[in-house]
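Novice: One letter stands for each residue in the lines below.
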Amino acid sequence: MRRLPIYLLLDTSGSMRGEPIESLKVGLQSMVASLRQDPHALDSVFLSVITFDREVNVLVPLTALEEFQVPVLQTPDSGPTHLGMALEELCQRVDREVTKTTPQAKGDWKPMLFVMTDGSPSDKQKYKEMIPEVRKRNFATIIGCAAGNKAKTEDLKPLADRVVSLDTMDSATFSGFFKWVSDTVSVGSTSMGATATPALPPPPHEVNIVV
Amino acid sequence: MNTPDAESPNPAPNTPEPFFIQDQESADTSKLDAFFPDPLQNQQDTCKFEFEIDKPPEELKPAPECPSPSATRSTPMVATVAVPTACSPTVPQETSPPLPSTASVEPVVPLTPVAPGPATAAVPTTPTAAPPPYLLPPLPPIAPAVPAPSVAPTVSPPPVPNSSRSGTNHLKPSPTPTVTTRAPQPLELRLQLQLPNGSVGKPYDAQRTLELTLGASRPRGTFQRIEGLTAIGLRADIQADRVHITGTPTQAGDHTIQVYYSAQLPVNAASSGHAPHQLAIPTVVERITLTVNPDPRSLWKEVEPTVGQPFVKPHLLHRQLAGPVVAVGASRRGRSHAHDGKFREDDFRFDQVQDWHCVVVADGAGSASFSRRGSELACETVCQQFRQRIPQYLDSNFDRMVAEYQTTGGKSQIPTALYHVLGGAAHAAYKTLEKEAASHGSSIKDFATTLNATILKSYDFGYFAATFAVGDGGVAAFRAQGGTKILNTADSGEYAGQTRFLTMADIWSDPNAISARIQFTLVPDLTAIIAMTDGVSDPKFSTDKNFADPAKWAELWADLGSRVTLTRTNTHASEELLGWLDFWSTGNHDDRTIAILLPSEPSTTR
Numbered sequence: 000m001r002r003l004p005i006y007l008l009l010d011t012s013g014s015m016r017g018e019p020i021e022s023l024k025v026g027l028q029s030m031v032a033s034l035r036q037d038p039h040a041l042d043s044v045f046l047s048v049i050t051f052d053r054e055v056n057v058l059v060p061l062t063a064l065e066e067f068q069v070p071v072l073q074t075p076d077s078g079p080t081h082l083g084m085a086l087e088e089l090c091q092r093v094d095r096e097v098t099k100t101t102p103q104a105k106g107d108w109k110p111m112l113f114v115m116t117d118g119s120p121s122d123k124q125k126y127k128e129m130i131p132e133v134r135k136r137n138f139a140t141i142i143g144c145a146a147g148n149k150a151k152t153e154d155l156k157p158l159a160d161r162v163v164s165l166d167t168m169d170s171a172t173f174s175g176f177f178k179w180v181s182d183t184v185s186v187g188s189t190s191m192g193a194t195a196t197p198a199l200p201p202p203p204h205e206v207n208i209v210v
Numbered sequence: 000m001n002t003p004d005a006e007s008p009n010p011a012p013n014t015p016e017p018f019f020i021q022d023q024e025s026a027d028t029s030k031l032d033a034f035f036p037d038p039l040q041n042q043q044d045t046c047k048f049e050f051e052i053d054k055p056p057e058e059l060k061p062a063p064e065c066p067s068p069s070a071t072r073s074t075p076m077v078a079t080v081a082v083p084t085a086c087s088p089t090v091p092q093e094t095s096p097p098l099p100s101t102a103s104v105e106p107v108v109p110l111t112p113v114a115p116g117p118a119t120a121a122v123p124t125t126p127t128a129a130p131p132p133y134l135l136p137p138l139p140p141i142a143p144a145v146p147a148p149s150v151a152p153t154v155s156p157p158p159v160p161n162s163s164r165s166g167t168n169h170l171k172p173s174p175t176p177t178v179t180t181r182a183p184q185p186l187e188l189r190l191q192l193q194l195p196n197g198s199v200g201k202p203y204d205a206q207r208t209l210e211l212t213l214g215a216s217r218p219r220g221t222f223q224r225i226e227g228l229t230a231i232g233l234r235a236d237i238q239a240d241r242v243h244i245t246g247t248p249t250q251a252g253d254h255t256i257q258v259y260y261s262a263q264l265p266v267n268a269a270s271s272g273h274a275p276h277q278l279a280i281p282t283v284v285e286r287i288t289l290t291v292n293p294d295p296r297s298l299w300k301e302v303e304p305t306v307g308q309p310f311v312k313p314h315l316l317h318r319q320l321a322g323p324v325v326a327v328g329a330s331r332r333g334r335s336h337a338h339d340g341k342f343r344e345d346d347f348r349f350d351q352v353q354d355w356h357c358v359v360v361a362d363g364a365g366s367a368s369f370s371r372r373g374s375e376l377a378c379e380t381v382c383q384q385f386r387q388r389i390p391q392y393l394d395s396n397f398d399r400m401v402a403e404y405q406t407t408g409g410k411s412q413i414p415t416a417l418y419h420v421l422g423g424a425a426h427a428a429y430k431t432l433e434k435e436a437a438s439h440g441s442s443i444k445d446f447a448t449t450l451n452a453t454i455l456k457s458y459d460f461g462y463f464a465a466t467f468a469v470g471d472g473g474v475a476a477f478r479a480q481g482g483t484k485i486l487n488t489a490d491s492g493e494y495a496g497q498t499r500f501l502t503m504a505d506i507w508s509d510p511n512a513i514s515a516r517i518q519f520t521l522v523p524d525l526t527a528i529i530a531m532t533d534g535v536s537d538p539k540f541s542t543d544k545n546f547a548d549p550a551k552w553a554e555l556w557a558d559l560g561s562r563v564t565l566t567r568t569n570t571h572a573s574e575e576l577l578g579w580l581d582f583w584s585t586g587n588h589d590d591r592t593i594a595i596l597l598p599s600e601p602s603t604t605r
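Protein chains in written order, with numbering that gives the first Met the number 0: chain A, 0 to 210; chain B, 0 to 605.
Certain hints may be false.
Said to hold, decoys possible - Straight line, CA to CA, 30 Å or less: simulated DSS-like cross-link-like pairs of lysine-lysine:
1) Lys312(B) with Lys434(B)
2) Lys105(A) with Lys444(B)
3) Lys544(B) with Lys135(A)
4) Lys201(B) with Lys105(A)
5) Lys99(A) with Lys551(B)
6) Lys125(A) with Lys105(A)
7) Lys156(A) with Lys123(A)
8) Lys551(B) with Lys105(A)
9) Lys434(B) with Lys105(A)
10) Lys544(B) with Lys105(A)
Source of the hints: derived by calculation from the structure; they are not laboratory data.
Throw the hints in and build the complete structure from the sequences for me.
Specialist: Next up, the structure:
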């Protein structure tokens, strides 16, 4: 079978503490529940959750949607947002986990990447260095999500094909975002293009497309 | 016989043998112009892969209601038990150890829910609606005068529920029990129980041991019962601290189940000279979530394409041609296309031209809006072209070359003739699609399709088969006795769904590359020519290595035989083949097409 690998990079820095992190979890749960209703996704989607704050944690390595369980998300009190480090870990993961076609192996679909942050990368140099590396991994699409008013959409633009912003970080907003993620994944699991970014479904009103 | 039984006419990469150019001396040169591509003309075409999009962007379905966080916790629930770290002066003094017996504690310790949850205190023995966390009130009999036994570890402020990683704990035991008056600090009694997800219709089997945490300590406990399983087709066998959940889930969803257990909390009184003892919590109930996936088979829908679209194509097709070679073929719309209300994009066609039997299969690209027409037109055009080209190029002279090839192994002009017939027909199909696209005011990309075209002739010394192929899927000369020959090299990219199409200009830019797409074989015996689109080759072979493995072809043949009577006399073979195509294979729901040529015995015995 052909797998569709989905990587979620989630900001768990101190500023996410409290309601935002709880809302994020609710959003993740609704995304997974929604994907489970899609037979395309149920047969092909594999999910990985990587969080970043001071540290980078692979909370869930690439796991079949069928077996996936929403992980416990934890935030430190404060500290930097090491998105660059997270991208480095991501590249290593992709190299290890995503299968390319060989005579002996059936290749996966091109992977998809969603990056959510409520701030901006603290390790700016590393972040800049990693962007071309991430690009080399042939993601079918990279979506950047700037959540809340402190998030800088400018920072995500060089990385992502598409940047969206969320005005607030309550559970309705995150659920809206992740519903859209799941729709995007559903579309991805049914139609992938090597030469073009897969068509994105229209976002819900909570999600603002940053042009 | 001593014939090399398979050879590709294409030259080795380092020693290009552009037989097409050699052929320019022949009288037929002028006739080739129709398909003779000018390499210079297409020089700028870069060789690239395009994705074949198997399925269309589907209409987005509404997500199911997002359950509230409290109902969907798949992480361990938290029961908060307040244990006094120091005793209030007003608490009655306990004069002698041991500290409260379990018997004395049991009836007087109601588990009081803290928010959220019903405000009523649940009696331990009737914890009907008792969502954790709970606050266990301070124990009355512990006295300040006696150095207070501390529950290990003593506690700092409680962590925010849910914010701790499982298995870690932020509580630092204070080195000595404090005796100053301090508000009771709750410790969390947590059930560490995570059940794997189930799937409707798939056997479920999970064994777990009761794991509890209270701060840094690991209290022991036993399961009492688990409620909420029978309704979803599961049962729990409990043996003290172990539970074995089995059964076959019947209901999809995030199910809340109630786990009832008792716990013995360790109370470390060493510092006070008291013997360590345990505090029994008779019944705690926690709700955890058990996720059951739907059976994907129940989610696939059969949706009709919207009315009024051009190029309507039936979802099912089967054809059978009688004759010296029996042709049996079937094609059906894949589940993914049915789910999204799209048309079948595959197609196939048989033909017979003189003594030659033709089978053509094509797989329209999912990314292309009119690929269903592309595959149809490609099959049609190729067969029409065969009717002109076979009499012209595969004449008695060709038969002599095949006979010579059989005895000496010399290819002679066989590749050139095949180039004219197969390459020419495929190129004509490309040109036809170009015109078709233009007449509809669209791009040829909208008609993108793969193509596998095979011709077969039976000689008295064996079977000669030749194929032109672009894209994925494949064709083989299957020989049940062994020696199966693969007649194509699939075009596949690094990632799934990447292949190449007949409609890509760069396919036609290099005569050597075109001739490399033609392969032929001469075999003394032949069970069948089997051609298929990737909707069949993906689930049945999965990798290119398997596709080249004769053993896998034998498996396929046996598999076919289980549903289809593939004999020359069965007049229902194509219908049966259509039924066979409906096999289930997880993740493989593309359109499926298979077309088979069943030859008669060679006309003379060898």
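Novice: Would you mind marking each hint as holding or not holding in the structure?
Specialist: Results of checking the hints against the structure:
no. : hint                     : in the structure
1   : Lys312(B) with Lys434(B) : holds, 20 Å
2   : Lys105(A) with Lys444(B) : holds, 26 Å
3   : Lys544(B) with Lys135(A) : holds, 27 Å
4   : Lys201(B) with Lys105(A) : holds, 25 Å
5   : Lys99(A) with Lys551(B)  : holds, 22 Å
6   : Lys125(A) with Lys105(A) : violated, 33 Å
7   : Lys156(A) with Lys123(A) : holds, 14 Å
8   : Lys551(B) with Lys105(A) : holds, 16 Å
9   : Lys434(B) with Lys105(A) : violated, 36 Å
10  : Lys544(B) with Lys105(A) : holds, 10 Å
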